[in-house]
Amino acid sequence: MSGHPELEIKNYYNKLAQDYDDNRFNNSYGQYLDHQERSFLNRVLKSIPLELCMDLGCGTGRLLDYAHYGVDFSPEMLKVAEAKYPNKVLLEGRLTEIPLSNNALEAIYSFHVIMHQDHATTVLFLI
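The numbering of the sequence shown is numbering that gives the first Met the number 0, which starts it at 0 and goes up by one.
Think of the hints as simulated: they come from the structure by calculation, not from any bench. Quick caveat: nothing in here was measured; it's all calculated off a predicted structure. Watch out, some of these pointers could steer you wrong.
As the list claims (entries may be wrong) - Below 30 Å or equal to it, Euclidean Cα-Cα: the simulated BS3-like pairs (lysine-lysine) are:
1) Lys14 x Lys45
2) Lys9 x Lys83
3) Lys45 x Lys83
4) Lys45 x Lys87
5) Lys9 x Lys87
6) Lys78 x Lys14
7) Lys78 x Lys9
8) Lys14 x Lys87
9) Lys83 x Lys14
Said to hold, decoys possible - Computed Cβ-Cβ distance ranges for the label pairs, DEER-style:
10) Asn102 x His3: 29 to 35 Å
11) Ser38 x Pro98: 28 to 34 Å
12) Ser109 x His3: 39 to 45 Å
13) Leu6 x Ser109: 27 to 33 Å
We treat Cβ as the ideally placed atom computed from N, Cα and C, and that holds for glycine.
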């Protein structure tokens, strides 16, 4: 490691972006995860307007059917998401610096992201 773990993770996901969905979710385990996550979001977000939801760490936009906003720190992942969802608001940024005003959202969801955060940020997710 170079001593810059965030940059290394960003570069890693930038390199994976084009094939990420096929490599991660085009097998039985990935399809199971996808189904479970979508079932959860359908239940939890059913009464919240799409315009008031954000996918934090949206990556390639796999779960952007449930949100109007997506944030990710990998520009290459966001390019894939934008090709799928040209009408969504996709923002490049860090999880700790969401570029929206206070009270702009009613729901934020995030999958497969917390394990890439430092300890202090992880604690925020647990509160």
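Violations among the numbered hints: Violated hints (numbers, rising): 1, 12, 13; every other hint is consistent with the structure.
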